[in-house]
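End of the sequence shown = 397 in the numbering used here, gap-free, step of one.
I should point out that these hints are in silico values taken from the structure, not numbers from a laboratory. Because the structure is a prediction, the values reported are computed rather than measured. All clues stand as given, with none of them false.
Pairs of lysine to aspartate or glutamate residues, derived as DMTMM-like cross-links and limited to a Cα-Cα distance of at most 25 Å, are as follows: (1) Lys256 with Asp184; (2) Lys256 with Asp69; (3) Lys125 with Glu306; (4) Lys305 with Glu212; (5) Lys185 with Glu246; (6) Lys158 with Glu246; (7) Lys335 with Glu282; (8) Lys54 with Glu365; (9) Lys256 with Asp183; (10) Lys256 with Glu246; (11) Lys125 with Glu282; (12) Lys152 with Asp69; (13) Lys335 with Glu365; (14) Lys55 with Glu365; (15) Lys335 with Asp132.
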Amino acid sequence: MVVDNLPRLAPAKVSLLNDPKVRGIIYQAVVAIVLVLFVAWVLQNVTGNLTAQKKTTGFGFLFLTAGFDIGFSLIPYSRSSLYWQAFLVGLTNTLLVASIGIVLATLLGFTVGIARLSSNFIIAKLAAIYIDVIRNIPLLLQLFFWYFAVLKGAPAVKQSLLFFGGSVAVNQRGIFLPRPLIDDKFVWVAGAFALALIAGFVLRRWARARQEATGQRFPVLLSFVGLVIVLPTVAWLTSGTVFSLEIPQLAGFNFKGGLALPPELCALLFGLVIYTATFIAEIVRAGILAVNHGQSEAAQSLGLKESDRLRLVILPQALRVIIPPLTSQYLNLTKNSSLGAFIGFPELVNVFAGTTLNQTGRAIEVISLTMLVYLTFSLTTSAFMNWYNARVALKER
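Let the sequences and hints guide you as you build the complete structure.
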């Protein structure tokens, strides 16, 4: 038996700076201290400047009379309204443009993206030309084109372009559409329509479970269309509601009645939708190409026609690639709506960060509220798209 009589060496002491965890804590502490010092310096600087200029801060100005008109508003507004009401006008107008723009840009983008992969040479090339031309022109220039060259270049009121038997008019002052007129009993029709949507959703879930269990398909689309048509029609006939259309009529120097869409709103929507759709189209094309070609071949071997292969096999798998960059385009469209200020559309930046700021001089409060609104829009959109992305993501068994 061999006995080790060599002396034991004490383990070498390791410097704390060589410990990755300690270094990480030190780095985080340094960054936090620098950030706190920077914020304190900014606050001190702002406070000193406000004191030197004898200015006060606060949001009391929101309850003062605005004293200016707004050309387009979804809510009641007049010169005697308060600044917080002007803020709501800009907020609702921004929401209107963002919501309509997202829907239309998605529909156009998916259509062009699929057409980009068409086997038809002319369709594929036209889609490619549209994408390459539009996305390489600055959005602001496109807004100027739609506003000054197209809509402001339209005929005068007396020479308006009339469509659909004179029910739609286009001139320099905008687009005039028929406006639906409803009574109090129309709530039953709206309730029936909502019930049809809920029934369609339940029917779709049942049909999917039935197909997974038995392999038999159920005509969900035709059934859903039938529900949407039949239920509101029955509610309309039984409730006795009166529905009519108010057609815009030329009276003097302008059209009266109907629904008037100002040229600023139309130009902003045209520009945002057509521009954003090019990026969505490329995202859709990349998502479809990311799906293994063997999936399409397998679907074809099962006898699925081309439209069913795209709808049932390709797009569901492509969505996991499409959704994340698509979220960024939705956020860009919402923030790009602020460019409406350059063509006179009364969105949030124009009404609140423009006119209100100039009249009140409350730059810190106005800009802070404006930034908070866009931050809320972005976070809400991101949260919804992340939830949807989690639903369509492939789940491992």
